[in-house]
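*Asks:* Residue numbers (the numbering used here), protein chains in the order written: chain S, 1 to 181; chain L, 1 to 254.
Everything labelled a hint here was simulated from the structure, so no lab data went into it.
Among these hints, one or two may not hold up.
Computed list of lysine-lysine pairs in BS3-like fashion (alpha-carbon distance at most 30 Å, straight line) [stated by the list, open to error]:
hint	chain 1	residue 1	chain 2	residue 2
1	S	Lys-170	S	Lys-10
2	S	Lys-157	S	Lys-170
3	S	Lys-2	S	Lys-157
4	L	Lys-182	S	Lys-170
5	L	Lys-182	S	Lys-2
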Amino acid sequence: MKLPQGRLRKSRVVTDPREPLADVLDRAVTGYAVFEPQDSLLLDADGRGVVTFVDGVPVVAYHTGTDRGGPPALADLAVPGPYHVSVFELDGADLGPVHDVEDLRVPPGMPAERLAGDPALADSTRRAAPPERRAPAGTEAADDHGAVEAFLEDEEKIEAIREQARQEAKQRAAEWELNDT
Amino acid sequence: MVEVFAVASGKGGTGKTTSTVALGMALSERYDVTVVDADTGMANMLFHAGLSDAETTLHDVLAESASVEAATYERFGMTVVPCGTSLDGFRDADPSRLREVVARLAADTDVILLDSPPALDSRAAVLPVVMADRTVIVLQPTIPAISDGLKVQEYATSYDTDVAGLLFNKVREDGIERVAEKTERYFEGPTLGAVPESERAREARRAGRPLLAHAPHCDAAAAYRRAADSLSVRDGQSGEVADRFRSAVIPEPP
Chain S
1 MKLPQGRLRK SRVVTDPREP LADVLDRAVT GYAVFEPQDS LLLDADGRGV
51 VTFVDGVPVV AYHTGTDRGG PPALADLAVP GPYHVSVFEL DGADLGPVHD
101 VEDLRVPPGM PAERLAGDPA LADSTRRAAP PERRAPAGTE AADDHGAVEA
151 FLEDEEKIEA IREQARQEAK QRAAEWELND T
Chain L
1 MVEVFAVASG KGGTGKTTST VALGMALSER YDVTVVDADT GMANMLFHAG
51 LSDAETTLHD VLAESASVEA ATYERFGMTV VPCGTSLDGF RDADPSRLRE
101 VVARLAADTD VILLDSPPAL DSRAAVLPVV MADRTVIVLQ PTIPAISDGL
151 KVQEYATSYD TDVAGLLFNK VREDGIERVA EKTERYFEGP TLGAVPESER
201 AREARRAGRP LLAHAPHCDA AAAYRRAADS LSVRDGQSGE VADRFRSAVI
251 PEPP
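From just these sequences and the hints, can you work out the full model?
*Replies:* Written as structure tokens, this is what we have:
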């Protein structure tokens, strides 16, 4: 996926993708956000996730590490965090060619609902979407698990998450002296 | 017999307290059930069980200023042990005394459900999961909720706490069966159920009543009852469980 370089608007480290999604919606940003995982322990950490927006509403998603687009790209960019996130503004016309690629598109509420786990933010995002992107009641829902299912199909990533949690649990048990329970 | 379950999730907002109270009420048709607000930093259960005016709470017990019996209330067919809302109460409470409280309660109940804190970042937060026999992991069908659920499982199993099952909650759309099936592959327990998001649950919370008392015939209540039915409670000897909790070595914070 090729995009012209936009104007950098914000660049920061966040623990949760919810924050930039909410911020982009609040400010009705047209442009794109680049998500770069900071945790090199996990797979796909070398790749970056890109989500584009029109007036704050997500349109397409792409992951540079896996070369996947659409809902699976959201799964690819999902890591337990933190992320370095940069938000760029771009004219709507420059986003047009990328937005025409059907395979890259994501339902408006999916990043907030499935990646950030925030149903209220997802509802606000869906309300902000233009009428032609608002799925008839009940139909977006059927596709809406796509990102979660793609995440669950990534066995290596899930094993990495589990392994990281196991190590953390062990280390903390020692710190908290809970070993004897 | 007694079995202790931690009802846990790695993140907040999954409806853990609603689930704890609902599972408790459903299980109380078959067992003698005690539900405990083990999320001592964020008292919640009292609002779900019509106990917002409870004078003595678990905080007082953990501060050694009241007996366990004084903080237990018979409500909706269960024994409820709520936490209080005052900051002073929280400050004076020593979470490590929870093991003694659970040991006392274990003596005369069949099932103990510990509503656990939505975090794993301190000794107090993991304590319910450490102490329980098994954990019920409450999930939403989202990537962060499932990731956090995996984390809860790894913490639990590292303390030899088994996974009793997964409970999907606040489910807003179709297709949960596929997600549940794929999720189950990574968890050491079955899917107990999928509870639809419910306006009735919000109403119940506002009314200060458990969902199963407020709207017993709604879809969400039925889903909780089915989940409780699929949870087979194991026989544990009350005395052994009590001894295990008492002997758990949990030193005072430095």
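*Asks:* Hints first: check each against the structure and report whether it holds.
*Replies:* Comparing the hints with the structure gives:
1. S:Lys-170 - S:Lys-10: Violated, at roughly 37 Å.
2. S:Lys-157 - S:Lys-170: Given that 30 Å is the threshold and the Cα spacing comes to 20 Å, the pair holds.
3. S:Lys-2 - S:Lys-157: 26 Å, holds
4. L:Lys-182 - S:Lys-170: OK: Lys-182 of chain L and Lys-170 of chain S at ~27 Å, within 30 Å.
5. L:Lys-182 - S:Lys-2: 33 Å, violated
The structure shown violates the earlier hints numbered 1 and 5.
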